[in-house]
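Residue numbers (our numbering), protein chains in the order written: chain A, 1 to 358; chain P, 359 to 436.
Everything labelled a hint here was simulated from the structure, so no lab data went into it.
Bear in mind the structure is a predicted one, so any value in this text is a computation, not a measurement.
Incorrect hints may appear among the rest.
Stated by the list, open to error - Using C-beta positions, here's what the derived DEER-type ranges look like:
| no. | chain 1 | residue 1 | chain 2 | residue 2 | range |
| --- | --- | --- | --- | --- | --- |
| 1 | A | Gly233 | P | Lys385 | 46 to 52 angstroms |
| 2 | A | Ala321 | P | Ser411 | 38 to 44 angstroms |
| 3 | A | Arg276 | P | Val376 | 34 to 40 angstroms |
| 4 | A | Gly27 | P | Arg383 | 50 to 56 angstroms |
| 5 | P | Val376 | A | Glu259 | 24 to 30 angstroms |
| 6 | P | Val376 | A | Thr54 | 47 to 53 angstroms |
Glycine included, each C-beta is placed from N, C-alpha and C at the ideal position.
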Amino acid sequence: MNQANRNDPRYIRLLAGKIAEQARSLGPLTLMHVCGTHEHTIVSSGLRSLLPDTIRLVSGPGCPVCITPKEDIEAMIHLARSGLTVTTFGDMMRIPSDSGSLADAKAEGADVRIVYGIANALSIAQEERREVVHFGIGFETTVPTSSVALASQPDNFSIYSVHRTIPEALDFLLSNSLAVDGFVDPGHVSTIIGSNAYAFISERYGVPQVVAGFEPGDVLLAVLMLLDQRVEGRAEVENEYVRAVRPGGNVKARALIDETFRQVDAKWRALPVIPRSGLAIAPKYREWDAVHRHRDVLESFSYTPREEDSACRCKDILLGACSPQDCPLFRRVCTPDAPVGPCMVSVEGTCYISYKYG
Amino acid sequence: MCLAIPGKIIERDGNEGVVDYDGARIKVRLDLVDADVGDYVIVHTGFAIDTLSEEDALESIELWRQIGELQDESGQSQ
Ligand code: SF4
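With the rest of the complex left out, here is chain A (with noise of 0.2 angstroms):
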């Protein structure tokens, strides 16, 4: 097939049918994405109504805002309002916590900055003299931004590291055994760490993996290969986004994450702690990481977990147990405009994209 062809709906319908063919010979399955790219894209083309009622397409913990862990929200809040001046990007500003959300800080006067990438946050801390802690949250896609930002060595800044690894979370998913029978793999975070980086998780599961790009013709294609996987009896990395993934990835950015992170237990918010799933900065740049640099401010930090009353499900969302047309809030109650969980703040959440685009 012409790759020039990928979003032509002749093509688009062939695949359809080669999927449905597939899947006859199958039982039911459900195949797991994790990336907010790839659920804009399914929901904005409407791709899951042309897939057979067996192939369940669900969205895991792929939104780097909404696993973002409370504590840690809180923690900037409580560095915000001691008087630091805090950036982030503009999708965590209103995620909701215990004490708030770090909108409502900067409501109060505190100095909370939306910046679009780290070098616009390094540029303040140049520019204005002032002591400026960024919130790196995000995926191995954003790393390795924050590697440059560490490796820079600036003066008055520094990270508060929040940074989570993907082929972890889906080796935590399986080993808890959660009923998945293929992964999409997502496309920018796999431009950076490459396709061989999800290989165990196949060797240990026995789980097809295919790294996918962004257009409506990728996504299905990767069904499709996975569907041929599971017919097969193959259980593999196979790459459809070749055009962007190489196996080993992006060299340069891996040996700089190498650099500056290391490996750390961590927690999701809405998932317990997944092993080796968080990146801490390395102790060789201890001096630009906020917990280090700013323990005094932290000191005076306490954060006690709170039980969720609401009736909010972005927990069963992010593990692709339910949708948003599950929640009895959904659209009722939660809105963009006023959003109970985090899956409805982010852009990149799947209560957001099914509000927006669905």
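Place chain P with the ligand on chain A using the hints.
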């Protein structure tokens, strides 16, 4: 969300550059890629994270144009 659409580097000064998206120009950092003026890159939160061949890039740009998403750019964290 990641910006899946490739852009073309039209200026470079060390690790900083300017990428063109169908006329819209944005500043990018080039620390993470080996790329120069004329190359196509994928940009995430202000950093080029990957290079694409011209053929693949032009094809992607055309496909995104067809589905009308070229304007739907947002720099989120992934
Ligand atoms: S719709 Fe709102 S309340 Fe329901 S799961 Fe999503 S974020 Fe939570």
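Taking the hints in turn, this is what the structure says about them:
Under the hint 46 to 52 angstroms, the C-beta atoms of A/Gly233 and P/Lys385, about 50 angstroms apart, fit the expected range. At about 40 angstroms, the beta-carbon gap between A/Ala321 and P/Ser411 stays in the expected band of 38 to 44 angstroms. Checking the proposed 34 to 40 angstroms range against A/Arg276 and P/Val376 shows it holds: the Cβ atoms sit about 38 angstroms from each other. For the pair A/Gly27 and P/Arg383, the beta carbons lie near 51 angstroms from each other, so the given range of 50 to 56 angstroms is met.
Remark: the range hint 24 to 30 angstroms for P/Val376 to A/Glu259 is upheld by a beta-carbon distance near 28 angstroms. For the pair P/Val376 and A/Thr54, the supplied restraint of 47 to 53 angstroms holds, since their beta-carbon distance comes to about 49 angstroms.
Consistency with the previously given hints is maintained throughout, with no hint failing.
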